[in-house]
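Chains as they are written, first to last, in the working numbering: chain V, 20 to 114; chain H, 20 to 114; chain A, 20 to 114; chain R, 20 to 114.
It is worth saying that the hints were derived from the structure and are not from the lab. Each hint should be verified, as a subset may be incorrect.
It does not matter which identical chain is meant; a pair holds if it fits inside one copy or across any two.
[Claimed, not checked] Derived pair list, reagent style DSSO-like, types lysine-lysine, alpha-carbon separation capped at 27 Å:
#1 Lys53 x Lys76
#2 Lys53 x Lys102
#3 Lys111 x Lys88
#4 Lys102 x Lys41
#5 Lys88 x Lys102
#6 Lys38 x Lys88
#7 Lys53 x Lys41
#8 Lys76 x Lys111
#9 Lys48 x Lys111
#10 Lys102 x Lys38
#11 Lys111 x Lys38
#12 Lys53 x Lys77
Because the structure is a prediction, the values reported are computed rather than measured.
Number of protein chains: 4
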Amino acid sequence: MIVAEMSITPIGEGTSVSKYVKAAIKYLKENGVKFQTNPMSTVIEVEDLETLFNVVKKAHEAVLEAGAKRLITDLKIDDRRDKEITIESKLKAIR
Amino acid sequence: MIVAEMSITPIGEGTSVSKYVKAAIKYLKENGVKFQTNPMSTVIEVEDLETLFNVVKKAHEAVLEAGAKRLITDLKIDDRRDKEITIESKLKAIR
Amino acid sequence: MIVAEMSITPIGEGTSVSKYVKAAIKYLKENGVKFQTNPMSTVIEVEDLETLFNVVKKAHEAVLEAGAKRLITDLKIDDRRDKEITIESKLKAIR
Amino acid sequence: MIVAEMSITPIGEGTSVSKYVKAAIKYLKENGVKFQTNPMSTVIEVEDLETLFNVVKKAHEAVLEAGAKRLITDLKIDDRRDKEITIESKLKAIR
Numbered sequence: 020m021i022v023a024e025m026s027i028t029p030i031g032e033g034t035s036v037s038k039y040v041k042a043a044i045k046y047l048k049e050n051g052v053k054f055q056t057n058p059m060s061t062v063i064e065v066e067d068l069e070t071l072f073n074v075v076k077k078a079h080e081a082v083l084e085a086g087a088k089r090l091i092t093d094l095k096i097d098d099r100r101d102k103e104i105t106i107e108s109k110l111k112a113i114r
Numbered sequence: 020m021i022v023a024e025m026s027i028t029p030i031g032e033g034t035s036v037s038k039y040v041k042a043a044i045k046y047l048k049e050n051g052v053k054f055q056t057n058p059m060s061t062v063i064e065v066e067d068l069e070t071l072f073n074v075v076k077k078a079h080e081a082v083l084e085a086g087a088k089r090l091i092t093d094l095k096i097d098d099r100r101d102k103e104i105t106i107e108s109k110l111k112a113i114r
Numbered sequence: 020m021i022v023a024e025m026s027i028t029p030i031g032e033g034t035s036v037s038k039y040v041k042a043a044i045k046y047l048k049e050n051g052v053k054f055q056t057n058p059m060s061t062v063i064e065v066e067d068l069e070t071l072f073n074v075v076k077k078a079h080e081a082v083l084e085a086g087a088k089r090l091i092t093d094l095k096i097d098d099r100r101d102k103e104i105t106i107e108s109k110l111k112a113i114r
Numbered sequence: 020m021i022v023a024e025m026s027i028t029p030i031g032e033g034t035s036v037s038k039y040v041k042a043a044i045k046y047l048k049e050n051g052v053k054f055q056t057n058p059m060s061t062v063i064e065v066e067d068l069e070t071l072f073n074v075v076k077k078a079h080e081a082v083l084e085a086g087a088k089r090l091i092t093d094l095k096i097d098d099r100r101d102k103e104i105t106i107e108s109k110l111k112a113i114r
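Okay, chain V solo, but in the shape it has when bound:
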């Protein structure tokens, strides 16, 4: 699996942007994506790179559709090929 971290930040819609972040989370929920939110970003677990980029694209587009005129979207991908990683295995490893 691929574990990644995404944050989508609207620039120019005022200092309160949770309405826009919620639009991205709504997309993840309604499309059965495995994810965890935290105070700074959303962690996603997906099967492969193609799925990941499709999910990020759709979440980004959901925030544009909510009315944002400029977005800074950050993505950090952890792609490990010598061993299977998941949200759970990564959390367990640092406990």
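Could you slot chains H, A and R onto chain V? The hints should help.
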């Protein structure tokens, strides 16, 4: 408060790096820093910028002391001045 | 246009990783992608999100093909819809 | 030396934020910091971690003083201890 997200990645110590991440977390725990780990990073809440940079410096140094020869440390800071933010307020806003 | 910043970091291939970074840059060059390298990342300018994600996927895969077993890939996207942005317009704006 | 990448993004000051970015760059220039701007971020080369965090703190504060009410500041640090790195050595390595 300032809410920030930190990740410290050793380059060149093999593909398994949890031993090094644990050295940073140990520093946070032993020094009473308010933090939350997630599968991709650690979220920190501190009083001000000076405290934040001191905490990140010490956590980074703890990973060097654990033996890492090269580190990529990522930091994302959310500094809001028109309204108080905390780990809890940020989580609540997106629910 | 979309302007984005990408960095691909192999974990576990030693502290010197330029061989891997060059594999990603080679892909960009050979495929006519508009890009600029800097000491920390590569800035890319593309037509749309779909092109961007395809380019990042291919560059990431080029580094895997070069032999890396674990990659941390960072991507920051600037997607502005109220005004056209390019690598040049962004540089000019801060001069 | 430590090579790092910094970006400071005001949230809630409209979609055009170059005025704020310029305040950070002005600080770097007037204080003799070695840096290079690119379309997505500013690369900094400094002697040590303490200098780095001081520079980032001052640049961040310069943007607050320019009137921004909320800032997302991103920092990526490359700290290599087995070999000296500089802006120039990193650029040369990927050519």
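>> Checking each numbered hint in turn, tell me which of them this model violates, lowest number first.
In response: none
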